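To convert a position in the sequence shown, counted from 1, into the working numbering, add 424.
Watch out, some of these pointers could steer you wrong.
[Said to hold, decoys possible] Derived DSS-like pairs (lysine-lysine); straight-line CA-CA distance at most 30 Å:
#1 K701 - K724
#2 K583 - K521
#3 K744 - K724
#4 K744 - K701
#5 K744 - K729
#6 K450 - K744
#7 K430 - K450
#8 K800 - K744
#9 K701 - K722
#10 K729 - K701
#11 K800 - K521
#12 K701 - K721
#13 K450 - K701
[Said to hold, decoys possible] Label-pair ranges, simulated between beta-carbon atoms:
#14 D770 - R649: 34 to 42 Å
#15 S764 - G582: 38 to 46 Å
#16 R732 - Q796: 22 to 30 Å
#17 L739 - G573: 48 to 56 Å
Quick caveat, the hints were computed from the structure, so don't treat them as lab data.
As the structure is a computational prediction, the values presented were derived from the model and not from experiment.
Just so it is clear, CB atoms sit at the ideal spot from N, CA and C, and this is done for glycine as well.
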Amino acid sequence: MSASAKFDTLQRVVNGLDIGDVFALKEVFTYSQMLNQCYHSRVNPIQYLSQTFNHPLTLLSVMFDTGCIIGGPRALEFFFPASADADEWTFFVPGFKESVLDMANALHLCGVSWQTNADEILALLRRRQTATASRTVLDCLVSWIEDCGQSAAEHLVGKDLYQVLEAYQAIDINERDRANSFLIADVGSWTISVVPIPAENQGRSPAGSGKEIMTGLTGRIQTGRGPQSVRLMVGSSADGTESCMSFLREFGASHLQCYIGGWSAGHMHYQQSRSRKATLFRAWPGQKYKNCDVNIKKYKRMGFKFSRAEEEGPLTRSMKDSDSFSIDYGDLYRPFIRQSHRHLLDTWLSERRQNIDGISWTQFDGRIFSVQNVCKARYRQSHLTFASQNLDLPLDRIRRLGNLIAINIVRPDALRTEMYRSSVGPGSKSTRWQLRDLAKTGTVLNTLCDATPWSWVL
425 MSASAKFDTL QRVVNGLDIG DVFALKEVFT YSQMLNQCYH SRVNPIQYLS
475 QTFNHPLTLL SVMFDTGCII GGPRALEFFF PASADADEWT FFVPGFKESV
525 LDMANALHLC GVSWQTNADE ILALLRRRQT ATASRTVLDC LVSWIEDCGQ
575 SAAEHLVGKD LYQVLEAYQA IDINERDRAN SFLIADVGSW TISVVPIPAE
625 NQGRSPAGSG KEIMTGLTGR IQTGRGPQSV RLMVGSSADG TESCMSFLRE
675 FGASHLQCYI GGWSAGHMHY QQSRSRKATL FRAWPGQKYK NCDVNIKKYK
725 RMGFKFSRAE EEGPLTRSMK DSDSFSIDYG DLYRPFIRQS HRHLLDTWLS
775 ERRQNIDGIS WTQFDGRIFS VQNVCKARYR QSHLTFASQN LDLPLDRIRR
825 LGNLIAINIV RPDALRTEMY RSSVGPGSKS TRWQLRDLAK TGTVLNTLCD
875 ATPWSWVL
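Please work from the sequences and hints to get the whole structure.
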């Protein structure tokens, strides 16, 4: 067998192993250069992402810039191959305007077609002269224009949608609050009427009625294995901006509390999941886990055994303790940026590694009680934003890794695209996805904060 054939065979074997087992093999056979190469290929998420997304290096670099992570079954499959059969990808991004726009734009360039409720409503009106929409969707759309004058509002969402929202706002607020959905009609020459639908008369599901309570975008991507769903969940609420570690806490089952990020991947309960065991955590009184739709029967068929979390503690955990597992692959970007920019990458990686080292959480009374992060406490309190003080910030804070990779492309390839530009810094106006696209989703409230140089903190 040739050396090339041996390498290919070993790589196939390594690709099928749990990620911790591959790491253990590398530590034992330190002299094997071939095994070391196979290890680095296995832990590099670009290969995993390339099975679904175009330009996976561009996608990963924007996740690096924004602090976005992949969670749920798709992250679990990265650690434990063949552990997921879902056709859905779930990305989590902190609720900062620039971060959400950059991720929406990157995923769009990587093949995702986003669906917006505004487009659905307007398409139905033009085709049938009537449409229905849920109150949640209409309130979401209105949140983007309620503090704008007519001219600014029409520029943001378009004249046709503005007329719909204006008619909705004209309804008495008490009457609006009593209805779950509304009938929208073009009564002639694009004169819009919006009226509440009594609950007993509701027929076809209104736009947005089946979507999650969590704020986010939904889309689809065509792959060789057929279409797959993509969700970009946004960490934003009336209580403030949520970090991506807060998203992981919302998974009610321990085996799904794992992530793939832009510079590292981690599993909060790796050793337990490695043994195909999982803990079901208790919810707080009156709370339902936002990400609790765990198909227990499916995972039982895969060999997982479930148990209820014990009501004991407190126990403080971290991504560096013996029960969890984390890997760092931040150096993979080095060959794809100019040599003059590599000192920037070193600075950014140093900060991001401190971030992972500073993450801890407390398990108490059968629950994940809290998630602490030294970097989050230090950096999220910053009042410096790209929107207000862009010119006063040091260059290393304004520059984006996604941009550095895009401008270094001599010949386009499958890994990256020269079309990407961040909404932060020079070239921001060339991004394909703009704020007006976000405003028309009907699933993202206008509660997003302006991004800071430390919005990436997990």
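Evaluation of the provided hints:
1. A C-alpha spacing of about 10 Å is found between K701 and K724, which places the hinted pair at or below 30 Å, so the restraint holds.
2. Under the criterion of a C-alpha separation no larger than 30 Å, the hint pairing K583 with K521 is consistent with the structure, at around 23 Å.
3. Between the alpha carbons of K744 and K724 the distance comes to roughly 28 Å, so the proposed pair stays at or under 30 Å and holds.
4. With a C-alpha separation of about 20 Å, the suggested pair K744 and K701 falls inside the 30 Å cut-off, and the hint holds.
5. Pair hint K744 plus K729 holds up; C-alpha atoms about 25 Å apart against a cutoff of 30 Å.
6. Restraint check for K450 and K744: the C-alpha separation of about 19 Å stays at or below 30 Å, so the hint holds.
7. Our distance criterion of 30 Å between C-alpha atoms is met by K430 and K450, whose separation comes to about 17 Å.
8. Only pairs whose Cα atoms come within 30 Å are accepted, and K800 paired with K744 is accepted, the gap being roughly 17 Å.
9. Between K701 and K722, the direct Cα distance comes to roughly 14 Å. Compliance with the 30 Å bound is thereby established for this hinted pair.
10. The suggested pairing of K729 with K701 holds, with an alpha-carbon distance near 5 Å, which does not exceed 30 Å.
11. Distance hint between K800 and K521 is fulfilled; the C-alpha atoms sit about 18 Å from each other, no more than 30 Å.
12. Simply put, K701 and K721 have alpha-carbon atoms about 13 Å apart, close enough for the 30 Å limit, and the pair holds.
13. In summary, the hint linking K450 to K701 is supported, as the alpha carbons are separated by about 25 Å, within the 30 Å threshold.
14. Separation of D770 from R649 is about 38 Å and conforms to the stated range, judged on CB atoms against 34 to 42 Å.
15. In this structure the supplied range 38 to 46 Å holds for S764 paired with G582, their Cβ-Cβ distance being about 43 Å.
16. Checked against the hint of 22 to 30 Å, the C-beta distance between R732 and Q796 comes to roughly 25 Å, which is consistent with it.
17. In this structure the hint that L739 and G573 lie 48 to 56 Å apart at CB holds, the actual value being about 54 Å.
The structure fails none of the hints (numbered hints given earlier).
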